[in-house]
Each structure stands twice: as structure tokens, then as C-alpha cells.
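A.B. asks: Chains as they are written, first to last, in the numbering used here: chain A, 1 to 447; chain B, 1 to 447; chain C, 1 to 447; chain D, 1 to 112; chain E, 1 to 112; chain F, 1 to 112.
Check the hints yourself; a few may be wrong.
Here are the simulated distance ranges between beta carbons [to be verified]:
#1 Y404/B <-> T83/D: 45 to 53 Å
#2 G207/C <-> T83/D: 48 to 56 Å
#3 E417/A <-> E434/C: 31 to 39 Å
#4 E416/A <-> V275/C: 53 to 61 Å
List time: in silico DSSO-like cross-link candidates among lysine-lysine, alpha-carbon distance up to 30 Å [unchecked claim]:
#5 K407/B <-> K79/D
#6 K79/F <-> K208/A
#7 K210/A <-> K79/F
#8 K12/B <-> K208/C
#9 K208/C <-> K274/C
#10 K12/B <-> K208/B
Quick caveat, the hints were computed from the structure, so don't treat them as lab data. Ideal Cβ positions, reconstructed from N, Cα and C, are used throughout, including at glycine.
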Amino acid sequence: MTFTLIAGDAFKLDTGNTAWMMTSAVIVLMMTVPALAFFYGGMVRSKSVLNMLMMNFIAAGTVGFIWILYGYSESFGSATTGINQFFANPFQYFGLINLTDDKGLGAAVGVPALVGVAFQSTFAVITVALITGAIADRIKFSSWIAFTIIWATAVYFPLAHMVWGGGFLSPSGPVASWLSAPIDFAGGTVVHIDAGAAGLALVLLLGKRKGWPGGPFRPHNLPYVMLGAALLWVGWFGFNAGSEGAADGTAARAWINTFVATAVAMLTWLLTEKVRDGRATSLGAASGVVAGLVAITPAAAAVDSFGAIAIGGIAGVVCALAIGLKFRYGFDDALDVVGVHLVGGITGTVLIGFFATHHQGAWYPTGAKDGLLYGGGITQLLAQIVVAAFAVVFSFVLTYVIGYIIKQVGGLRLSEEAEVGGIDLAVHGETAYESIGATRLNTEVKA
Amino acid sequence: MTFTLIAGDAFKLDTGNTAWMMTSAVIVLMMTVPALAFFYGGMVRSKSVLNMLMMNFIAAGTVGFIWILYGYSESFGSATTGINQFFANPFQYFGLINLTDDKGLGAAVGVPALVGVAFQSTFAVITVALITGAIADRIKFSSWIAFTIIWATAVYFPLAHMVWGGGFLSPSGPVASWLSAPIDFAGGTVVHIDAGAAGLALVLLLGKRKGWPGGPFRPHNLPYVMLGAALLWVGWFGFNAGSEGAADGTAARAWINTFVATAVAMLTWLLTEKVRDGRATSLGAASGVVAGLVAITPAAAAVDSFGAIAIGGIAGVVCALAIGLKFRYGFDDALDVVGVHLVGGITGTVLIGFFATHHQGAWYPTGAKDGLLYGGGITQLLAQIVVAAFAVVFSFVLTYVIGYIIKQVGGLRLSEEAEVGGIDLAVHGETAYESIGATRLNTEVKA
Amino acid sequence: MTFTLIAGDAFKLDTGNTAWMMTSAVIVLMMTVPALAFFYGGMVRSKSVLNMLMMNFIAAGTVGFIWILYGYSESFGSATTGINQFFANPFQYFGLINLTDDKGLGAAVGVPALVGVAFQSTFAVITVALITGAIADRIKFSSWIAFTIIWATAVYFPLAHMVWGGGFLSPSGPVASWLSAPIDFAGGTVVHIDAGAAGLALVLLLGKRKGWPGGPFRPHNLPYVMLGAALLWVGWFGFNAGSEGAADGTAARAWINTFVATAVAMLTWLLTEKVRDGRATSLGAASGVVAGLVAITPAAAAVDSFGAIAIGGIAGVVCALAIGLKFRYGFDDALDVVGVHLVGGITGTVLIGFFATHHQGAWYPTGAKDGLLYGGGITQLLAQIVVAAFAVVFSFVLTYVIGYIIKQVGGLRLSEEAEVGGIDLAVHGETAYESIGATRLNTEVKA
Amino acid sequence: MKLVTGVIQPHRLDDVKSALEAAGVRGMTVSEASGYGRQRGHTEVYRGAEYTVDLVPKVRIEALVDDADAPAVTDALVKAAQTGKIGDGKVWITPVDDVIRVRTGERGPGAL
Amino acid sequence: MKLVTGVIQPHRLDDVKSALEAAGVRGMTVSEASGYGRQRGHTEVYRGAEYTVDLVPKVRIEALVDDADAPAVTDALVKAAQTGKIGDGKVWITPVDDVIRVRTGERGPGAL
Amino acid sequence: MKLVTGVIQPHRLDDVKSALEAAGVRGMTVSEASGYGRQRGHTEVYRGAEYTVDLVPKVRIEALVDDADAPAVTDALVKAAQTGKIGDGKVWITPVDDVIRVRTGERGPGAL
Ligand SMILES: Nc1ncnc2c1ncn2[C@@H]1O[C@H](COP(=O)(O)OP(=O)(O)O)[C@@H](O)[C@H]1O
Ligand SMILES: Nc1ncnc2c1ncn2[C@@H]1O[C@H](COP(=O)(O)OP(=O)(O)O)[C@@H](O)[C@H]1O
Ligand SMILES: Nc1ncnc2c1ncn2[C@@H]1O[C@H](COP(=O)(O)OP(=O)(O)O)[C@@H](O)[C@H]1O
């Protein structure tokens, strides 16, 4: 993305860019609550839908809070050498103090610094929230709360710094000088590979849900899943076109690619289902939408229409097949965070190496090259593979360590009784839907 | 709309207009998924809600895909004479290649060409999606997929070209020189009359649902219908105020008119129900909202507040009465696409002839005239009637032919068994909501 | 808010500000339909969800209508002396006639006058809609319709004029000269205290629901509540950051504060529940979100990050405790409009007196002072208390009188039979969800 | 008195109701049920995982009738519910010791 | 043993439950049902099309009781459910051959 | 003939179904129910107001069987449903006068 730190600009407000970035920030927040919450919430059984919604709300709460306190500073603080190749100083802009507009992410395009904070806050929130899909139905609520804070601090903020904050994997980092400037327009590595690998690590620590596989885990409300998928698509334009940081032709290219890659991914996912299972399903349509969105994210403005169509089309097939991995290898990635976000994120990140271009309104950072199929040779592909691999390993290892420590300290897994009897009731003392026989006895609230 | 092709402008980016147009594009996409999908999905029975949602998602998928490939080019390519009065060259901007900003729809107001493509893509999608309401509960899924592609290519893209792309019905076409420049600010003809007449044609080809009329076809989830209607209202500001193509006073006039016409239409629909049936219903409120939105669409910026109130108020009554037509004439327009979109679209298009004005911030294209009640005589009214009539005939006849061919080739209608037993299960192998007794036996996904 | 009347500016369009304000207007409308409607609709029993949705739609319909007719004029007409300290001339801009851009709310920042009308219309709508939560499940539908019109005219429009229209409580009014310019950035008094006090007055007139307390009044669909809360959060950025009237750094400050105060309020509400009830609930998360949003509203751009965190954190605890008041004092504020909006509105308005600042991108009107904890002494706190107290009394007394008159004239309360048997059926002739046994006998619609 | 219980195809409910009325039944109680029998269930596929749903939606009808009316009511029920396809359901008759009308406390045949 | 079945107004469930407890009933099974009888249903109107819904929501209660307790339990049920309005429902008593407590396999009155 | 009715824990349904099949039962009818008994319900808290929900979700299974098969079927049902925890439910057996297969009109044991 061009929405990035450029030191020393005198700030001149551009109301149009500012309007677009505030709008984008709003609709990216919508991607977590309610979109992702409902996408996942509809997929779980009715006895744990509230817990799923809650985990997403919690991600917005805790990560939102620490982002303003020190997360922005840790991600986008100015130091980028030595250890600060990996994370910036969390106290430089503690509570956003001293963050003047000329030091902001949008200084070069007239966007106030706090708008940059706002936009990026929603990325931190959704990355953490994505993980909930893998661990659905069995994690202790308090452990989830702790995890969100620790993981954002130790994994997300650093990776954001490395890729977007001028650090290790950025267009000015070592991979760029060695091979080519890596391209991650809107978060294929920082968001999707990151969350996907983390989901996998947690799943291995948590173990399978009782009764999986073989038990009845069908989605309790498919319209909720469709609602979530649709709102994810809608909000994703803020995610991808917003990542340009300005309202211009490059943002428009990201818009178009986000639209068409998703449309095609939905169609190829459905086609894959039709061929394999004999039916095209609504869950498949919703899943195809998300797979397409994930895969086009890193490439959003870095390919032309044909590149977007190819990436979307390939991602639809690849992810539709990848959701079978968990059955083959026996890890209970409940709602397919690995199959969709990890695999989709890798797919998009790597395919950039084939399709990157700077024609037809497409854009990539200085130091990047055209893809293999667009005459730029193999260098960009290698850079993309290196970055993807680094992100997988970085996120998986750190997450495993964090999860392991939490497991030792407070435990990760809910009691079997709570899991079987219904998390909503056991953990939150609630049930999602009305039923016969509720009697209120005690109405005095201790105030 | 002023958002239209103006040749030869040197392009100078306006970030504010660009921000508004990208935002509008986003919320118009939201009108199809999830808004329209839920508006219709709540109205069908629970055994076919997924099929309804799917048909809307499919419209976004297939039409989105071909729009980027050749639809934009066919609609807004530069040729407008001879046969190109009716459609432009689909290959001029194939895959959006060579579409530079100075050739875009927003060149005159500093909006990048791809933003114009984005905005218009969402119109193509929703027009096709609107038809699903008429044919609910009984069309073959594969036939629907084929229909979306053929219909968009043969009906929607041409009509968009005729009205907005400088073609036959545009302010520079023959009707304009003969009578007066026709006014269709945001799509009364291209979108609503078009979809409504197409819905009628398909209904005649498909026949009635088993048990209609007389059977139990009540909406399975009215809150979904309300959710859909509310989100349609929200997104429609992008549709109408976005059709200005810029963030200016004319867009604001469209905003205000969209707001007040809808508010009043809801009230008059409810009043009609109260008088006729003795009750004001929530389905009536949702329907009134949509009727008002449909009717104000062509007139959005071309009337003042009083004109908007009148158009909304009349549409609320007229559409509330028009939904009785299907019972009288025995055509099973399942969710009232004819009663609301065809009748509402005609109502709005024709009423412009009475209320058009260019005062109070209202606007219409050069060559148009004030309406009958605003001292402009009868010319504009005649032009509006001609355009509406042309659109009805054009869409109905072509759709009938397309539907007839599909019927002969692959069949249109689902088996009675699938219809009675539930389309969701028969076609998609899914049921929308959890129920007792699902057992997973086979969990191995063939990958 | 800076979005306010400034006489005599020559108008120069700023497309960026205009884009932001139109977008804000759209998402604030979304806060009423569907957000608030679903937030409340999920909380009532399934037999009255449609009535709740309807009351919110009606608020959009009637208030939207009269706002365009005379409400804007009554609120933001130019006269501000004598009796016009309390309300402006409703006929000055009747139907928005003669409202030229240089006379609009956004004249100073290049926003067309009609955009100001649009933005403010959505505030009028939601303020009225908020009241529905207090009176859920028992008000006559016709009385509600009448109430919306009378209350908006006699309470909301005047208060908007007093606070934002240059009247009695505005930065140029008597409180400002006496103490300090009161700060209400986005509507703590005009919207939340106003609606909260009105809700209380109506509750006293209506009496308790049959069976309250002690009966089974649990929410019928908690995911709907979560959906509503999430969309309220999303839309509230339009409410608060939009209240700046422009896309600039102050708007960004409001964005950030709205984000972090809400995040923290959700966490502190959940903590309060955990301590008091032993469980953190999803209804608590949703409620905490709304409490935080309410409390930060008046302070949105007038505090720094730490102020926002403090206000959110305090509001989460205070409101979580305040919902017990209704049980203690025995008034059936069904969905806690008093506990959340009145108490939260007062909390936010008063806390400004402690936390107001004009550093770190924060802003307040000329004549206001820094808060007690930021070295400005006690003056601002006193001004805030005076304004809050005035708003409580003004709204409560007038609402009581209006409600009393409606009660005498047409009655306020539904029959017990309708209340027990289900309002949806009794009043609207509908049920929200499908059930067995519906047979259509008569399908002829009288047209 | 007897209790006639029928488990039938949901789409026959309306006709059965009419038939029972015609047979002089003055009241009945209806509830939702799922059946398992010769009629095959179906499979559903979610992200490639196949679920077998072997319960088929049914409607249960219960009518309390006088001993003398039981055969006629049963016949009416069976006839109205019959489509001839597998899955049409079962009807069974069980003895009832006593019936009370809650509203009045009446007992026996008069309470029907 | 006997099975006492009651089809009652949903809003009486709570009182009936308490009354049965007071009458010494240690367990019961409750389910949702719809009734058809003297109580009129209602009409709903959707876009002008009128639907007649002649089934009224009811709740069904079943309690297995010892032969000796049946009359008292029945009386308690009837009394607690009674509002005196049409639609109060029916209660009926049927003979039961045997009862088994699943947990322990106990049979007969001791299994209640 | 006999009607064997079981009210069991929902998560035992699958095993019970298999057990009945194994015991030669060719059909059964299943419905949702809520139970009240020794098994405690739970409390839910909404905005500080506490609700006591004393009904526990159960599933009801009904199988019509030949007199001779009743004991074996009952045993199979009980065994498959048993977890040994409070709330496992009840099974009871009631006499049936006659059974009719709706599809064919067959009566008696042949209709099962
Ligand atoms: N032995 C039985 N006990 C209880 N219900 C039964 C029994 N056999 C069948 N049923 C019910 O009857 C329905 C139809 O039975 P099925 O065997 O599918 O068709 P048919 O009766 O036409 O041969 C089943 O779905 C079930 O609800
Ligand atoms: N013959 C019957 N068999 C089974 N259930 C019945 C019968 N008659 C009435 N019921 C049940 O009792 C309910 C109340 O009956 P209804 O005739 O409306 O009122 P009432 O019993 O007060 O005269 C009905 O809704 C139905 O559920
Ligand atoms: N007397 C009864 N009549 C009808 N159903 C009963 C009766 N007693 C128990 N039940 C049903 O059996 C279920 C389990 O009973 P419970 O007393 O909780 O456990 P257990 O049978 O293991 O002692 C209850 O939830 C209820 O559905």
C-alpha cells in the first residue's frame, strides 16, 4: 500500500482522501462486528453462537484498547533499524500523544495522522478476530481475552511493523535488497497468513472438539453465514481500496480487483463443489466469496483485471479443496481458518509473483517487479515466497509458544461438560434464542 | 445523472468526488448482498430461503464477472451511432484494458475511470438480482445462472447504453430531439422497469408455484424482510445521490429526495393497508420503503422537496394497490416485482413529467423541460411516457425470447418434487436452520 | 460540533467534506434502521418484535417527513433572539425552499446546505427512535405515530435549536456568557439525555407491562441484539466524527475517541457483570458498546485518548449499575433507555467538565474551557451540569405533558389482551416467524 | 373414550383437519414431529462433509373421541392423509380413562 | 400407573408446574403444541393476502403418576390451568403398563 | 400392540436410534420436548435480572411395537439411552388398540 510512513512532509489536508480513509476505517470495523461475527456465528451450533459473537466483540474491545495505548506506536513508530526492524517503540506515541499530522501514515496525501491510526486499528482487530474461527466451541473465555492482548502485542504489531512500518519485510528491508521489494498491498501476510498460521497453532494446542470428526457440526443458521459473507465483501472494499490511503486511480484498481476476483472465486468454488459433491451450496458461495477476498488482498492493486480474475479463480478452487486437509490430517480447524485464510493468503501472496504488473492502473512499490507471466522474470515470485514462508513460520512458532504458556498458566480448554452442554449457557449464562419455560424469579439487580 | 461520458477531458483527480463515488459503489453492492437477498429471503418459505440468497449471490458473481470482461464496454463504449445507438462495442475495453481516466464516466469531475466502472457494476448486478423476486421458489438453478449472463448481455447492457451511454434514449438521442430530453436520473427505466418487465415475462414462462394462489406462502422471517428493506434504504443513497457522479449540491438534492419520498411512501402504503385491510403491517412498511425508493429513483435530483413528497406519496398508494394485480390476473409474481418495481418504476418515470424542475437545487439534463405542474407544459410528460413504454416493451419481449429459448434448451422449471419438498435441500443439499437428527457419517472431503 | 450556522459565507464547494458528510448521513440513518430496530427488536419477546421494528421505521417515516417540511427550519432557522432562543421559525425554509448553500450548516467548510439538512435529519429520527426501548410492548400504535410528530416538534427541534442552532444553550447563549460555553459535540444532551428523560416520562404514564417484574421478559434473539449493537457502533462514527461537519483532524479525533471509549466501555461493563453476576454476557457486551457510544458522544472531539478511555471506562460501570434502578424504583423501562441513554448521556456530558482539552487534536468551541483534571478549573464542569440538568427537566416535563394529553385524548396503552396475546398479531395482524398451520383462504386483494 | 393419534405428512395437515371436522371431531391437538421409517432421509453437504439426516418432518395429530366415533374418525383421518407414497405415516388408537375440559371441569364424553 | 396429559394455555405453564409439584409430582415432560377447537384462530394479512391461522399455541404437559395419585394430580392440573375462557384445554388420563427410569433401570411406581 | 415412549437426553438420540433398529424396530417418531425432574435446570442472567429455567431439553421417541417385542425394545431403548447421570429420562409402555398404516390402510401388527 502507498499508505505508509514518509518522513518529513509538511502536512496539507486533503479532505477527499480523508473522507475516503475515514469511511474505509468504518467499513473495515464492520468486517469484524458484525460481519465476521455472523459469518462464524452462523456456522457454529446454536448452543455456542453467543460465545462466537462474544469472542469477536472482545477482539474489537481489547485490541482496540491496546492499539490506541501502544499498538499503533509499536507498529508504526519511526525507528526501523536494529531490533526496530522487527517492532517499533511502543511508548513513542503512547495514547497517541505527540502524533502530529506530519508524522502520520497519510502525511504525504493530506490525511490526518489520527485517520491513519483509525484505519490501521481495524486491521489489528480483524486479524485477531479471524482466529476465532479455528478455535470455535472450546476455548476458555478468559484465556481468549488474555490471548488477544498477548498475541496482538507479540505477533501482530511486530509483523505490521515489519511489512508496512518500514521494517524487515518492507520494500526498504533486506528481502527487497536481496531479491525484490515484496508486495503485500492490503495484508495477505500481515492479516491472513498471520491469522491462519496462528489458528493452526492454537488448534494443535486445543485439540479436537468432542465428537469431531463424525459428529453433527452443521451450521445452525446459514442465512447468518450469508449475511456475514456479504458484509465482509462490502467492508473489504475499505480494506483493499482503503489500503491505498487515498481516493485515487490506484484505489479504484483495488476496488475493481476486489470485486471481480471475489465474483470469480465464488463461481469456481461452486463449480468445484458441483463437480466433487454434486451440489453447489450456499455455504460454498459464502466461502468462495471469502476465499476470493483473502487471495486478492495482497494483490489488490498490483494486478490488472485478468490477474485478478486468475487469482480469484484459482483461490476458489484451491481453498475449496484445502478445507479437506483438516479431515485428512485430523486437526479440528472448526470453521476453516487454515483452509481459507492461511491457504488463501499464501495463494494470493505467491500468485503475485506471476501476475504483478504496473499497467492498466495497477501499482506496486518501488523496487518490486512485474510477475513471471508479465515478463518480469522469477525474482518477484521468489520474494513473495520468502515473505509468505517467513510469515507462516513467524506466526506459527510465536503463537504456539504463547498458546503453550497460557495453557500452562490458566488452561486453554473449556470443560467437557461446558462444551457438550453448551458454551453459551456454561460461560455466559445465556441462550441465544427464546425457548419455553424461562421463569424470572429474582429481579433485583445489585446496584 | 451527470455521471456520464464527456469526451476529451484532460483528467484532473478530485479526491472528494472519488471518495464519494467509491463509497457509493460499496453501498450499492450492499443493496444486492445482503440487502435484497434478505428482503426477498425473508419473504419466501424457510425451505427455499437459501436458494433465494444464492440466486442473489450468483447475480453478483456472474454479472460482476462479465461486467469487467465486456459489460462495461458494451454499455459505455464510445460509439453511439447506427447500431451503436443500441449497444457499444463489447471489446473496446475488454477486461478494462485501455480505459484511461480521461475516457471514464467521471472524467469531467475528476473521478478515475475505474471508479465509474465500479459504480456502474453494482447497478448491473442489482438489476439482474431484482428479477429473483418474481421467480422465487421454482426456477432451475443452472437456468438461472445462464439467464443472468444472457439477460445482462442482451437486455441490461444495451438499455444502459441507450439511456446513459449516449444511445437511443439518452438526452442526445431521437426522443430528445423529437420531444424533450428524457429524464432518468438513477435508473427508473434501466433498472426498475427493466427488471419488472423481465420478471413478468419469466413468470409467464415459468407458471405458478404449486398451490398458488390459496396455499400457505407467508413470509418465513419478517425481521429479515425488515433488515433487507432498511439496508436497501441505506444503500439507495449511493444509488441515487451517487448517480450524480460527484459530491455536490445536486447529489445532496438526490439524497434529500430519496429520504423524504421513501418516508412518505412508507406512510401512505401503511395508510392504504389500514383503510383496506384494517391493519398496518410490517411487511407493508418494508414494501412501502422499497416502493418509495423505486419511484423516486428516476426523479431523484429532478424534483424539489414537494415533488419528492408527492411522488413518494403516490407511489406508496399505487404500489400497495398494484400488488393485487397478480391475484386478479392470475400470474404468480411471487414477491411482487411487478407490483413494486415495474409499477413503481413507471410511476416515478411518468410523474417526472408533472414535477420536474430545476429550482431548489434540482437538476435535469440540457434539453429536458419543467413538468406539467411546474409550468413546462406537456412535452416532458410525453417524453417520459415514450421512454417508459419503450423500456417495458424492450425488456418484456427480449426477456420472453431469452426465457423461451432457455426453456426449450435446458428447461426452466424445477421438478414438482423439489418444489414441494424444498428447493434448498433438493438443489443445494442444505437446510437453512438447524434441526434435530443430523448425523454426520462421511467426513472425508475428496481433495 | 463545528458543523453549525455561520452567517454570510460565500459558498465554495469542498467535495471531500461533502463526501464525508453525505456518507455520515447515510450511516447515521443506518443506526435507526436497521441497527436500533434490531438492537431493541432482539431484546423483546418474539410476539412483539415486529411492533418494535415498526415503531423504529415509523420514527424514520414521520420525523423524516416533518423534518423536510418544517423541522429543519424550526431547528436551524436563522433567528436566535427572544423567543427564537428556544426555537426558530418553522416556515423560513418550509420544504427547504430558499435554503441556499451560503445559508447552510456547512457553508464555512464548503458543504452544500442540503447535506446539512440530510445529516441532521438522521439525528432527529434516531432521537425519537431511541424512546421506543423504554415503552416496548405496550403502547398503542396510533398513539406512537402521533407522539413522534408532536414530540419532535415540541421537544427535539427546539432543543436542537437551543444547543446547535445558536439558541439558549449554545456557545453563544446565556450559559456561555454566565459560566463557559457548554460542550456537546455530537448530542449528549440533544439526543441522549433528551430521549432518556422522555422515555422515563412515558414509562411513568404507561405503567408496567403485565407481569413485570418477575415475569419472563428475556430477549428472544440475542444475535439480533449483537447485530444491532455492532451496526450502531459502525454508524456512530458518522454520528460523532460526522458532527465535525468536515473531513479533518478534529473528525479523526472524534473517530478515535468513539472507537476507544466504546472498546473500553464494553470491557468495563463485562467486568462489572463478572464481578456482580459471576458471568460476562453477550447482552452485556452489546450494552457496554452502546453505553460507551452514548457517553463519548458529547465529548467526542473534546477529549484526548486518555479522556476517552476514562469516559468509556466509567460509563461502562455506571450504566451497568444504573440498569438496576428500574427494579429498585419500580418503573418498567423495558429495554433500559434510562439506564443507558439518560444515565450515559449525563455521565458523558458531566465528565467533559473533568476531561475537556484542546490538545492532541482535540477541539471545543470558543468560550469553552479545559476540564478540571486538565487545569481549567471548575467552570466547564458547572456549565456541563447546568446544561445536562436543563435538558433533563426540559425533556421530562414537556414529554410528560405531551404524553398526558395523548393519554386523555386517544389513550396510550394497548389492551391487556393484545399485550398478552402478542402485539404483532393484535396490532399488525402478523407474526414474525413461520409456524405450522397457516392456511391462506382469501387471496383476492381489493385493489 | 379413545385417543386417535396420527403421524402424517405435513402437507396433508389441512385436508386432514377438514376431514376430521367433517367427521364431527370438535377439537384436536397438533404438534411437530420427525419420523423414521421406510421413507429415506436425505444427505446434506457442508464444506464437503456429508451429513445424513434420516429423520423426516412429520406432523402429529391427536383427537380424543367417543368410543363409538373412533372407527369413523380413524377412517376419515387415514383417508385424508393418504397419498399412497412411502412415508404417509401411521395412525393408532389408544384407550383413555377419562377426559376433562379444563375450562369447566366437565368430565367424560361431554368434555370432548 | 397412569399418564396424565394436559393441553393447556402456554401462559398457565408456570402455575401448573407449581401446582403439580405441590401435588407431589416429581417430574413431568413438557412440549409445544397447537390446538384446534372452539377457540377461534386468527387471520394474518401479508400484502393484502389473508391467511387464516386456525391453530392456537398450546403447551402439552405429561406426568406419569401412580394409580392412586391420578385423581389428585388431575385435579391440581385442571385447577391451575383454569382461567374460565374458551381454549383452556383438555386433560386426559391413559393407562400405562410400565415405567422405567433410564438412569437405573428401575421399573414400576418406583421409577416415577 | 404397545406404544413404547422414551424421553431421553438429546445427545443419546443417535445411539438409541441404532439400538432400536438393531432390535428390529422398523419405524419410530421423534419430537422435541423439555423435561422437569430431579435434574436441575439452570439460571440465565440478562442485564442483571436472573431467570430460572427449570426445563431441560429432551427428545421424545415413540415406537409402536408388537406385544411380544415390547420388552426387548424397551430394554434396548433403556440401555442405549443410559449414561447413569441424573436426567437420563423415562421410558413407559402403553397399550394400543389398533394401528393403521396410512399409505395402505393395513391394520394391526402388519401395519408396523
Ligand atoms: N413403529 C413405529 N412407531 C412409531 N412411528 C412409526 C412407526 N413406523 C413408522 N412410524 C411413523 O410413520 C412415518 C412413516 O413411516 P414409513 O415407514 O416411512 O412409511 P409407511 O408408513 O408409508 O410405510 C415415520 O416417519 C414415522 O413417523
Ligand atoms: N377432541 C380433542 N382432542 C384433542 N385435543 C382437543 C380436543 N378438543 C380440544 N382439544 C385441545 O384443547 C384445546 C382447547 O379446546 P377448545 O375447544 O378451544 O376450548 P375448550 O376446551 O375451553 O372448550 C384445543 O386447542 C386443543 O388443543
Ligand atoms: N413423572 C414423570 N412424568 C413424565 N415425565 C417425567 C416424569 N419424571 C421424569 N420425567 C422426565 O424424565 C426426565 C428425567 O427425569 P429426572 O428426574 O430429571 O432424572 P432421572 O429420571 O434420571 O431421575 C425429565 O426431564 C422428564 O422429562
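A.B. asks: Determine for every hint whether it applies to the structure shown.
C.D. replies: Going down the list of hints, with the structure as the test:
1. Y404/B <-> T83/D: 45 to 53 Å: This hint is violated: roughly 34 Å between Cβ atoms.
2. G207/C <-> T83/D: 48 to 56 Å: holds (53 Å)
3. E417/A <-> E434/C: 31 to 39 Å: holds (34 Å)
4. E416/A <-> V275/C: 53 to 61 Å: Given range 53 to 61 Å: violated, Cβ gap about 27 Å.
5. K407/B <-> K79/D: violated (38 Å)
6. K79/F <-> K208/A: holds (28 Å)
7. K210/A <-> K79/F: Satisfied, since the Cα-Cα distance of roughly 22 Å is no more than 30 Å.
8. K12/B <-> K208/C: violated (63 Å)
9. K208/C <-> K274/C: holds (29 Å)
10. K12/B <-> K208/B: The hint is violated at about 54 Å.
Hints 1, 4, 5, 8 and 10, counting from the list given before, are not met by this structure.
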